[in-house]
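Engineer: What follows is the residue order along each chain.
There are 2 protein chains.
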Amino acid sequence: MFKIILLAGFLSFFVNAHAQEWQLMPLPKTIEPLKEQFRIPTDGIRFEITGDYHQRINDNTQWFLKRLSKKTSIPFLPGKGKVINIHINKPGEVKLKENESYQLTINNQHISIHAETDLGAIHALETLIQLTTFDTEGYYFPGVKIMDEPRFPWRGLMLDVCRHFLPVEVVKRNIDAMSAVKLNVLHLHLTEDQGFRIESKKFPQLHEEGSNGEYFTQEEMKEIIHHANIRGIRVMPEFDMPGHTTSWMVGMPELASAPGTYEIEKYFGVFDPTMDPSQEFTYQLLGEFLHEMAQLFPDEYIHIGGDENNGKQWNNNEKIQTFMQQKGLTSNHELQAYFNKKLQKILTKNNKKMMGWDEIYDPDLPKNIVIHSWRGYNYMYQAAKRGYQSILSNGYYIDLSHNAINHYRVDPLPDTTTLTDAEQKKILGGEAPIWTELVNAENVDSRIWPRTAAIAERLWSPNPPSSEVEMYKRLQKISLHLEICGVRHLANRELMMRRIAGKDNIANLMKLANAAEPLEGYRRHSSQRYTTYHPLSRFVDIAVPDAPDIITFRILLKEYLKNQSEDIYDTLQTTFLNWKNNHSLIKNDIKNNPGLQEIENLSINLSKLASITLKLLERYHNGNTINRAEVTNISDQLTELEKPVAEMEIPLAEDAKLILSLLNNNTLE
Amino acid sequence: MFKIILLAGFLSFFVNAHAQEWQLMPLPKTIEPLKEQFRIPTDGIRFEITGDYHQRINDNTQWFLKRLSKKTSIPFLPGKGKVINIHINKPGEVKLKENESYQLTINNQHISIHAETDLGAIHALETLIQLTTFDTEGYYFPGVKIMDEPRFPWRGLMLDVCRHFLPVEVVKRNIDAMSAVKLNVLHLHLTEDQGFRIESKKFPQLHEEGSNGEYFTQEEMKEIIHHANIRGIRVMPEFDMPGHTTSWMVGMPELASAPGTYEIEKYFGVFDPTMDPSQEFTYQLLGEFLHEMAQLFPDEYIHIGGDENNGKQWNNNEKIQTFMQQKGLTSNHELQAYFNKKLQKILTKNNKKMMGWDEIYDPDLPKNIVIHSWRGYNYMYQAAKRGYQSILSNGYYIDLSHNAINHYRVDPLPDTTTLTDAEQKKILGGEAPIWTELVNAENVDSRIWPRTAAIAERLWSPNPPSSEVEMYKRLQKISLHLEICGVRHLANRELMMRRIAGKDNIANLMKLANAAEPLEGYRRHSSQRYTTYHPLSRFVDIAVPDAPDIITFRILLKEYLKNQSEDIYDTLQTTFLNWKNNHSLIKNDIKNNPGLQEIENLSINLSKLASITLKLLERYHNGNTINRAEVTNISDQLTELEKPVAEMEIPLAEDAKLILSLLNNNTLE
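Residue numbers (our numbering), protein chains in the order written: chain A, 3 to 671; chain B, 3 to 671.
These aren't lab readings, by the way, just hints derived from the structure by calculation.
Hints may contain errors.
As the list claims (entries may be wrong) - Heads up, simulated SDA-like pairs for lysine to any residue below, C-alpha to C-alpha not over 25 Å straight-line:
1. B:K513 - A:E644
2. A:K174 - B:E642
3. A:K68 - B:V172
4. A:K68 - B:N370
5. A:K427 - A:A443
6. A:K68 - B:S529
7. A:K560 - A:E644
8. A:K589 - B:G140
9. A:K72 - B:E221
10. B:K97 - B:T134
11. A:K589 - A:E644
12. A:K97 - A:P43
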């Protein structure tokens with residue numbers, strides 16, 4: 003029922019004809035088309051930069067030319083070709099609330115970029131390259147006047163590099179993709195029950211014992227921070243404390259609130275190991291460790307986590323219970339607040355500001371901390387009302403495999419807000435977290451992209467940025483552009499499919515994969531108990547939210563329902579027939595291959611769903627009616643066919659239900 | 003004409019039925035099938051290692067399990083599951099002529115590996131993972147007894163990281179692929195006219211001025227060497243001298259034999275800049291530089307290049323001419339020999355042996371050097387007869403886009419050799435060099451793989467290793483396996499095609515790309531003057547030698563011509579019809595897209611060639627004859643249709659000519 007409403011919502015938004023022309027994501031604040039074109043000459047393009055700027059702009063013009071050269075196959079020799087002018091007023095600093103605005107003008111003869119800082123100029127370059135288009139005569143940039151600046155200053159992606167480690171090159175290519183959609187904070191979740199992922203020279207037993215050898219050396223981390231800085235992106239580290247800390251205890255069991263030896267956690271969930279907040283040793287260690295990390299990470303914020311402490315080790319530890327009585331602490335929340343205040347002082351001493359998940363809120367903490375809202379909107383609003391800054395992640399959990407539209411609808415500051423202007427200023431923005439229970443270096447790109455571009459638009463563009471159908475059209479385009487920026491969300495899916503299939507010809511298997519979606523929320527975990535050793539190499543790990551062929555189909559269906567075009571009807575029929583016939587093309591592959599046998603019913607269901615939906619659409623097209631018995635019968639079939647198979651489902655049942663409801667309405671009229 | 007003979011040769015070899023069962027490359031020395039199976043249980047597999055060994059074997063069992071887990075989707079939890087036993091007699095050293103032999107036995111209950119050193123055990127693991135197969139019940143290893151050892155001790159891949167730089171991760175994934183096919187030498191060509199690619203702490207101006215910022219730091223190089231060592235692979239550096247040295251002169255013009263300032267070369271070919279062999283400064287610098295490099299690279303060999311010195315700067319330098327007279331040197335070859343002898347002494351002082359391209363041969367050089375034969379077999383044979391060791395690269399130039407079969411036929415020591423046993427022992431093996439004028443980080447994998455697996459087999463397996471058709475069948479399988487080992491020769495082609503096409507649906511464009519091949523030899527360079535700034539992102543950069551669909555087709559055609567099977571005839575007809583119809587499916591894409599317009603005739607030609615070949619095959623199948631006039635007419639058409647388009651050609655004309663010749667023979671009979 004919930005899904006029917008979503009789909010109806012998806013189809014009900016009007017198309018913003020103005021915005022539809024642009025293949026931009028996020029959309030700029032204002033955009034004015036000019037009836038001109040800047041043609042890209044085959045003898046190249048070069049940049050002239052004036053004003054006062056940080057040299058990172060040079061890296062970004064190189065990065066721009068490299069991608070444009072690949073896209074157009076034009077070699078850009080240094081010092082040759084038409085000029086793009088960039089003027090920058092002052093060097094940008096990669097820090098919260100730096101000026102990121104820019105103006106971009108493209109006409110027949112010139113392209114000019116004006117920006118207050120080079121960070122704005124980087125955004126301008128990313129807008130410009132997204133505008134690249136072609137006609138039969140060659141490549142060009144369409145004439146345009148753009149004035150742009152972000153709606154929120156904090157636009158982040160959180161990578162959990164702990165549950166599955168993500169090596170340097172994976173992080174770096176995702177930084178490039180972030181820059182392409184104007185995100186500006188990379189939040190690295192560096193310590194967890196399943197792994198301690200950063201080298202400590204002070205306490206090497208932490209990463210050596212706590213990581214199975216998979217961690218960032220400090221040199222590598224510097225490389226990541228440098229690369230992010232070049233792209234205008236902050237890197238904020240998170241050390242999750244006092245819970246989610248099993249991996250710390252492997253090398254340093256004396257940190258724990260219960261005696262014994264500890265092993266790196268291989269399961270997922272909430273576990274008991276928690277730091278002992280009653281002993282001075284804990285604060286001594288954290289003092290030295292955070293001092294070391296404060297030197298390594300230049301950002302002014304350090305995230306101390308603070309979530310999901312189950313309190314069991316505290317409850318069972320007599321020494322801690324006595325300590326609480328002595329200090330007059332009457333709950334675990336108060337004990338954690340005590341711990342956080344000690345942390346906050348350590349951070350202040352190291353010139354860092356504290357950030358934490360929304361559990362950390364306590365009125366004794368100073369107003370310069372940032373509350374990271376993950377359990378709900380209300381934590382963010384409460385924080386703002388109490389004078390605390392906050393950002394939103396509730397609604398942006400991209401690991402949960404929800405469709406982009408669900409995230410796109412989540413606005414940190416909807417029009418209906420009752421916050422005062424001053425309170426609204428405390429809402430800094432948001433972050434999309436990718437928790438990696440079911441994500442590894444191979445599939446992480448397809449779990450982040452292109453969906454996160456929709457969140458990036460929500461955080462950058464004016465509200466409402468665009469209609470939802472039009473957003474999806476642009477999302478399809480940005481997906482291809484993101485591949486040019488280096489992420490492997492498309493290529494790795496095909497690679498994984500060849501591996502399962504054991505053959506090169508995977509077109510029909512991909513057809514099924516492109517019409518199926520992984521189960522949403524935490525439902526995949528109920529089918530089996532996953533561990534960090536699961537290779538995540540099954541069909542479900544290739545399927546993606548926003549199943550690409552379903553999205554394309556829904557855009558068409560929406561258009562058809564508006565205008566009943568015969569052409570679109572024909573295309574829809576062909577789509578259904580292809581889906582319907584697909585099972586016969588892959589059934590032998592499936593039967594004979596132990597890695598594919600689990601998807602047999604999924605393939606059959608796609609075939610049946612296509613068949614049913616095709617018939618319903620034919621009836622609708624022909625103006626036929628339907629009777630109650632048929633409705634019941636078909637509804638029952640659909641309910642059966644939308645059941646999960648191998649941790650996936652086929653969203654087509656929703657579309658069938660929609661058409662069925664339209665037919666039913668026709669009948670009732 | 004040459005190509006017709008090749009194709010006829012390709013089709014004439016008999017199929018070795020015994021070898022055909024195995025999906026192994028390279029084939030082992032002896033292999034005995036057992037009628038048993040080791041089933042891979044869903045609760046996993048683990049290793050027990052006994053004997054005396056280097057700990058690199060543990061990294062390799064991990065690497066084995068990681069790939070097997072991805073292939074089978076089975077999580078392998080530590081310490082659980084069925085046991086694979088490995089016994090190793092002594093730790094291996096990654097050096098020339100180390101023992102690489104192994105025995106592998108697989109039966110219902112056990113897998114056991116015996117090896118003299120862990121290097122042999124690594125080869126055994128790579129054989130084992132290639133044997134992985136499945137039936138409807140699950141995954142298993144087929145029962146087998148294998149005794150294996152290499153035919154030649156030097157089996158190399160040479161990467162030119164200068165003309166286009168190849169970053170660490172590209173080198174590392176190619177090391178993994180090398181290990182998969184039992185290659186054991188990575189020869190890194192580190193300095194060239196177009197770039198100085200290794201950090202020198204002693205003379206930082208060399209890499210700083212000579213590389214455009216793209217070079218390996220010493221830390222990165224250590225990482226590469228370490229990774230190669232783990233996989234049992236030597237890393238031999240090459241510093242090409244005294245020619246091919248423009249990039250040295252950028253930071254250090256005083257090294258050159260002509261005054262002036264120098265710029266990094268952006269064109270390709272043979273250039274004038276050459277080191278001055280008449281000044282002490284040159285040897286002082288090289289003494290210090292090679293000392294630094296001798297510390298960095300642990301291998302006992304250093305390659306000093308020595309090729310293609312055009313001598314112009316020497317001829318025009320009076321001081322050098324006087325020097326030659328004083329020393330009694332009567333030719334540039336003698337002057338270069340003088341230079342080489344000085345280098346050889348420097349290397350000896352640093353405990354290194356010298357290797358160089360075949361130009362370096364001089365009877366005054368000691369017998370421990372290695373001659374690298376690139377201009378022809380005869381240089382290798384002459385070296386052997388004179389008591390010098392040598393390896394073969396002539397015939398293995400994989401950058402020239404020849405089909406795998408051409409390389410496979412090249413044997414360093416064919417049965418017909420007239421060398422004595424002692425002379426034969428001087429032939430150490432061979433290396434496949436990939437020069438990177440038209441190769442970059444994006445397409446390098448598809449320029450190396452899978453073809454280099456055929457060369458690896460030639461150098462590892464007994465002679466003759468297998469029939470050529472059967473080799474191609476195994477090459478198709480190893481190609482998929484290599485993707486599992488991490489190289490991106492398949493995935494990057496699709497990524498590049500999406501970028502040109504500007505859309506996701508590229509199946510029909512890939513159909514054309516998979517039937518076309520880049521021009522062979524140096525012919526691409528005659529169509530335009532390439533530079534290091536060319537992005538190598540055109541259709542021709544996606545096309546590959548051994549066009550995959552042509553290979554599949556030829557295997558079928560060969561089978562059809564043997565047995566005239568109706569089934570295969572039907573499949574061939576379908577293949578032709580798909581090719582024939584393909585142009586109509588992509589012609590609009592081509593017309594409208596400036597990046598695709600150049601392939602219009604290629605697409606039309608495939609369509610026409612398929613049409614002609616289909617008709618010829620129909621005639622052949624129906625036992626029809628053909629008259630002289632028709633033969634002439636069709637031959638003329640084929641000559642037209644096989645002409646290059648956009649630096650590619652469609653090899654199908656050769657097959658058409660073959661069938662035409664068979665029809666013609668029928669007619670003449």
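Engineer: Would you list, in rising numerical order, the hints stated earlier that this structure does not obey?
Structural biologist: Of the numbered hints, 1, 2, 4, 5, 9, 10, 12 do not hold.
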